[in-house]
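Undergrad: Sequence:
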Amino acid sequence: MTSVFLEDLDAETYSAIVAKEGSTVIIPTGATEQHGPHMPLGVDAMLSKAIAGLVAEKIGAVVAPVFAYGYKSQPRSGGGNHRVGTTSLGAAALTGMVDDVVSSFLAQGFKHVVVLNGHFENYQFIYEGLDNAVARARTNGTSSRALLLSYWDFVDEATLEKVFPDGFLGWDIEHGGVLETSLMLLLHPEKVDMSRVVDHPPAKVTPYDIFPEDPARTPASGCLSSAKGANAERGQLLLDAVVIQVADALKGELLLGDITLEVP
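Note that the sequence shown covers residues 54 to 317 in the numbering used here.
Some hints here could point you the wrong way.
Capping the alpha-carbon separation at 25 Å, the derived lysine to any residue pairs in SDA-like fashion look like this [stated by the list, open to error]:
hint, residue 1, residue 2
1, Lys257, Ala269
2, Lys164, Met150
3, Lys215, Met150
4, Lys73, Gln161
5, Lys164, Ala190
6, Lys244, Pro255
7, Lys244, Asp225
8, Lys244, Asn185
9, Lys164, Ala69
10, Lys111, Asp61
11, Lys257, Gln289
12, Lys304, Thr139
13, Lys111, Arg189
14, Lys244, Glu74
15, Lys73, Lys164
16, Lys164, Glu110
17, Lys304, Leu202
18, Lys111, Ala72
19, Lys111, Arg136
20, Lys215, Asn185
21, Lys125, Glu110
22, Lys164, Asn185
23, Lys73, Lys125
24, Lys257, Glu306
25, Lys304, Asp206
26, Lys125, Asp152
27, Lys215, Arg136
28, Lys111, Lys281
29, Lys244, Met150
30, Lys73, Arg189
31, Lys125, Ala273
32, Lys304, Ser157
33, Lys73, Lys215
34, Lys125, Lys111
35, Lys111, Ser279
36, Lys125, Ser203
37, Lys281, Thr139
38, Lys215, Ser279
39, Lys215, Tyr122
40, Lys215, Lys125
Because the hints were derived from the structure by calculation, they are not lab data. These figures come from a predicted structure and were not determined experimentally.
Given only the sequences and the hints, what does the whole structure look like? Please build it.
TA: Dropping the structure here:
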């Protein structure tokens, strides 16, 4: 079996994969964004790429190079775009990049494109680019389809109860918290320093935004909740739930069977 990651493939192997019935490419998207003092800036991109790779192995897809820059971090979900280290794209740039890359994959012959989002603020701008690219391709006579999803939406209630035994407070304050830190401890433990976790109460975010951003409105750590309870075991629970359910959803929507990627 050859690698599921496009950057590892030669052009002839890639061409043979694209030509297969039901050929599917997954584009992982993330951001370059602070995740507190205990984790690196690339968390969103690292997690979406790792999850995409595991899903691709299950459904016979391949994984495109990750989008490592995302839309502007917001105080209510990511600590704020003013945070040092957070390096972002504007809406038009992200939408245009998605449109261009998806259009290229469809033009090369992929039957399906899946965008696996790993950065909360990206979603609507990816939606716009993906919608534009698919609409244009279908106008030109292709039957291609695409899906857009964020991996955390596939964490079921039973898993949440195990990972958050004291109660789950919501995805909007999980930035730099237990979910991302547990997944990183499982997938990239060498990149996490739990001795630097700042244990503080969940952020009390307002239901509105203020411009210019006020750094005092979110915790100084840059995290919106504490990662103190994170561990690799909880990361495994989260990863298993996400990979299985994302793979099942894609198989159902795209009518994919078990496909083995082989060097021609």
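Undergrad: Each hint should be assessed against the structure and marked as holding or not.
TA: Verification of the supplied hints:
Only pairs whose Cα atoms come within 25 Å are accepted, and Lys257 paired with Ala269 is accepted, the gap being roughly 11 Å. For the given pair, Lys164 sits about 20 Å from Met150 by alpha-carbon distance, which is consistent with the 25 Å threshold. Of the pairs offered as hints, the one joining Lys215 and Met150 is violated, with about 38 Å between alpha carbons and a cut-off of 25 Å exceeded. Restraint check: the Cα-Cα separation between Lys73 and Gln161 comes to about 12 Å, which is no more than 25 Å; the hinted pair holds.
At most 25 Å may separate the alpha-carbon atoms for a hinted pair to count; Lys164 and Ala190 meet this at roughly 11 Å. Proximity of Lys244 to Pro255 is assessed by CA-CA distance (about 23 Å); at most 25 Å being required, the pair is judged to hold. For the suggested pair Lys244 and Asp225, the alpha carbons sit about 23 Å apart, so the restraint of at most 25 Å is met. For the given pair, Lys244 sits about 37 Å from Asn185 by alpha-carbon distance, which is inconsistent with the 25 Å threshold.
For the hint linking Lys164 to Ala69, the alpha-carbon distance of about 13 Å falls within 25 Å, and the restraint holds. For the given pair, Lys111 sits about 18 Å from Asp61 by alpha-carbon distance, which is consistent with the 25 Å threshold. Of the pairs offered as hints, the one joining Lys257 and Gln289 is violated, with about 29 Å between alpha carbons and a cut-off of 25 Å exceeded. Between Lys304 and Thr139, the direct Cα distance comes to roughly 35 Å. Violation of the 25 Å bound is thereby established for this hinted pair.
Simply put, Lys111 and Arg189 have alpha-carbon atoms about 30 Å apart, too far for the 25 Å limit, and the pair is violated. Distance check on the hinted pair: Lys244 and Glu74 sit about 39 Å apart at the alpha-carbon level, beyond 25 Å; violated. At roughly 9 Å between alpha-carbon atoms, Lys73 and Lys164 fall within 25 Å of each other, so this suggested pair holds. For the hint linking Lys164 to Glu110, the alpha-carbon distance of about 17 Å falls within 25 Å, and the restraint holds.
For the hint pairing Lys304 with Leu202, the CA-to-CA distance comes to about 14 Å; that is within 25 Å, so the pair holds. Our distance criterion of 25 Å between C-alpha atoms is met by Lys111 and Ala72, whose separation comes to about 19 Å. Restraint check for Lys111 and Arg136: the C-alpha separation of about 37 Å exceeds 25 Å, so the hint is violated. Restraint check: the Cα-Cα separation between Lys215 and Asn185 comes to about 40 Å, which exceeds 25 Å; the hinted pair is violated.
For the proposed pair Lys125 and Glu110, the alpha carbon gap of about 31 Å is over 25 Å, so the pair is violated. Among the hinted pairs, Lys164 with Asn185 is consistent with the structure: their alpha-carbon atoms are about 16 Å apart, no more than 25 Å. Only pairs whose Cα atoms come within 25 Å are accepted, and Lys73 paired with Lys125 is rejected, the gap being roughly 37 Å. Of the supplied pair hints, the one linking Lys257 and Glu306 is violated, its CA atoms being roughly 38 Å apart against a limit of 25 Å.
Among the hinted pairs, Lys304 with Asp206 is consistent with the structure: their alpha-carbon atoms are about 17 Å apart, no more than 25 Å. Between Lys125 and Asp152, the direct Cα distance comes to roughly 18 Å. Compliance with the 25 Å bound is thereby established for this hinted pair. Distance restraint check for Lys215 and Arg136: the Cα-Cα separation of roughly 32 Å exceeds the 25 Å cut-off, and the hinted pair is therefore not satisfied. The straight-line distance between the Cα atoms of Lys111 and Lys281 is roughly 32 Å, outside the 25 Å bound, and the hint therefore fails.
Of the pairs offered as hints, the one joining Lys244 and Met150 is violated, with about 29 Å between alpha carbons and a cut-off of 25 Å exceeded. As the CA atoms of Lys73 and Arg189 are separated by approximately 22 Å, the hinted pair is consistent with the 25 Å bound. Of the pairs offered as hints, the one joining Lys125 and Ala273 holds, with about 18 Å between alpha carbons and a cut-off of 25 Å not exceeded. Among the hinted pairs, Lys304 with Ser157 is consistent with the structure: their alpha-carbon atoms are about 23 Å apart, no more than 25 Å.
Taking the CA atoms of Lys73 and Lys215, the gap is near 40 Å; set against the 25 Å cutoff, the hint is violated. For the given pair, Lys125 sits about 32 Å from Lys111 by alpha-carbon distance, which is inconsistent with the 25 Å threshold. Proximity of Lys111 to Ser279 is assessed by CA-CA distance (about 33 Å); at most 25 Å being required, the pair is judged violated. Only pairs whose Cα atoms come within 25 Å are accepted, and Lys125 paired with Ser203 is accepted, the gap being roughly 17 Å.
Between Lys281 and Thr139 the alpha-carbon distance is near 23 Å, which keeps this suggested pair within the 25 Å criterion. Distance restraint check for Lys215 and Ser279: the Cα-Cα separation of roughly 17 Å lies within the 25 Å cut-off, and the hinted pair is therefore satisfied. Among the hinted pairs, Lys215 with Tyr122 is inconsistent with the structure: their alpha-carbon atoms are about 32 Å apart, more than 25 Å. A threshold of 25 Å between alpha carbons decides the hint, and for Lys215 with Lys125 the separation of about 32 Å lies outside it, so the pair is violated.
When each numbered hint is compared with the structure, violations occur for hints 3, 8, 11, 12, 13, 14, 19, 20, 21, 23, 24, 27, 28, 29, 33, 34, 35, 39, 40.
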